[in-house]
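2 protein chains.
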Amino acid sequence: MSSVGIRVLGIDPGLTRCGVGVVEGSAGRPMSLVHVGVVRTPADLDVARRLLLLSEGIEEAIATHRPEAVAIERVFAQHNVRTVMGTAQASGVAMAIAARHGLGVHLHTPSEVKAAVTGNGRADKAQVGQMVTRILRLAEAPKPADAADALAIAICHVWRGGAQQRLAAALARSGR
Amino acid sequence: MSSVGIRVLGIDPGLTRCGVGVVEGSAGRPMSLVHVGVVRTPADLDVARRLLLLSEGIEEAIATHRPEAVAIERVFAQHNVRTVMGTAQASGVAMAIAARHGLGVHLHTPSEVKAAVTGNGRADKAQVGQMVTRILRLAEAPKPADAADALAIAICHVWRGGAQQRLAAALARSGR
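Chain order of the listed sequences is A and B. So for the first sequence, our numbering puts the first residue at 17; every next one is plus one. So for the second sequence, our numbering puts the first residue at 17; every next one is plus one.
Looking at chain A on its own, in the form it has when it is part of the complex:
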């Protein structure tokens, strides 16, 4: 673990655009942007090859930025039935890669992510983008929205999960 906190890779899963964002920080301290990007795959390619391209993009993000944990948006079956299968397949690929790298995988719902970064579980994409920009002290909001969403997921994980996990690990080490 880095001395400045935990480094988290956030993933907003999708076949057409998969947001990938890496932040570093800890609850109560300033958080910093490490990386933000989007893995795009061509819609005219077959799904298997698109998933392969996606897996290569995620592998590259892990190899380059060496996160300590991976946070992924939880996909629900009841929303967006037309795109949900591709999103679920993309999230499955992302989870398997993270597990193969020995990284803990943590799922956060869209409303948990929105509530964590904006204080409102029903915030819209613009509000999420604004708060991500402010939290990471960026000059402007990351584009497209999938990139900002990936950072929001990573920030949510640092605040919701990372701090507790560090505490639990420290307590476990100290034998308490």
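What the hints contain is simulated information worked out from the structure, not anything from laboratory work. It should be emphasised that the depicted structure is a prediction, and the values quoted were computed from it without experimental measurement. You may find that some hints are simply not true.
Claimed, not checked - Pair by pair, the computed Cβ-Cβ distance ranges are:
no., chain 1, residue 1, chain 2, residue 2, range
1, B, A79, A, L61, 18 to 28 Å
2, A, T80, B, E76, 28 to 38 Å
3, B, D62, A, N136, 22 to 32 Å
4, A, G118, B, T99, 24 to 34 Å
5, A, N136, B, T99, 31 to 41 Å
6, A, T80, B, A79, 21 to 31 Å
Said to hold, decoys possible - Footprint (simulated), chain B over chain A, 3 or more residues, beta carbon under 8 Å:
no., segment
7, 60-69
8, 99-106
9, 109-121
In this text, a Cβ means the ideal position worked out from N, Cα and C, and glycines have one as well.
We have chain A; now place chain B onto it with these hints.
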């Protein structure tokens, strides 16, 4: 490509039980069983680790049995909403692995598989198991049903797709 036809890995995707079956044959010639099994993952493990175990099982089947193509049951969002996410994630992992090995991935719907194997797109699991047993000249039906289904998917692919693909490839090679 083997001299006795095409070798196809059929996958019936699932998180709890993923059927894995390998057959070899060609349309119009007897088909033979190469391998049948089920990759099981414990329900009390987190989804990411379950997907990792599944990916290891599929990698092993590919490494051991060297299929020339992979056929996977197409998952629909509208069925079994409670389990469809896990099934979609499992199929995504399977597809990405097959693509990484340079194998063509072919999706067949459940009714295409049933129609190919039994002549009836609405056949039940017992009928599918019986026909798989007969087609592969087995002493008894493979158990559990996921294993028989994986073989049915592979058989379907040999009959529906494999023969045409070989012909197309041969024609392409001969420059016609």
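Results of checking the hints against the structure:
Taken as a hint, the range 18 to 28 Å holds for the pair A79 (chain B) and L61 (chain A), whose Cβ atoms sit roughly 25 Å apart. A hinted range of 28 to 38 Å holds for the C-beta pair T80 (chain A) and E76 (chain B), which are about 29 Å apart. Evaluation of the 22 to 32 Å hint for D62 (chain B) and N136 (chain A) yields a pass: the beta carbon distance comes to about 29 Å. Distance hint check: the CB atoms of G118 (chain A) and T99 (chain B) are about 28 Å apart, consistent with the given range 24 to 34 Å.
For N136 (chain A) paired with T99 (chain B), a C-beta distance near 32 Å keeps the hint of 31 to 41 Å intact. A hinted range of 21 to 31 Å for the beta carbons of T80 (chain A) and A79 (chain B) is consistent with their spacing of about 28 Å. For the segment 60-69 of chain A, the stated coverage by chain B holds: 6 residues have a C-beta nearer than 8 Å to a C-beta of that chain, and at least 3 were required. For the segment 99-106 of chain A, the assignment as covered by chain B holds, since 5 residues bring a beta-carbon within under 8 Å of that chain's beta-carbons and 3 suffice.
Coverage of the segment 109-121 of chain A by chain B holds. Counting CB-CB distances below 8 Å, 7 residues qualify, and the rule asks for three or more.
Going down the numbered hints, you'll see the structure goes against none, and every one checks out.
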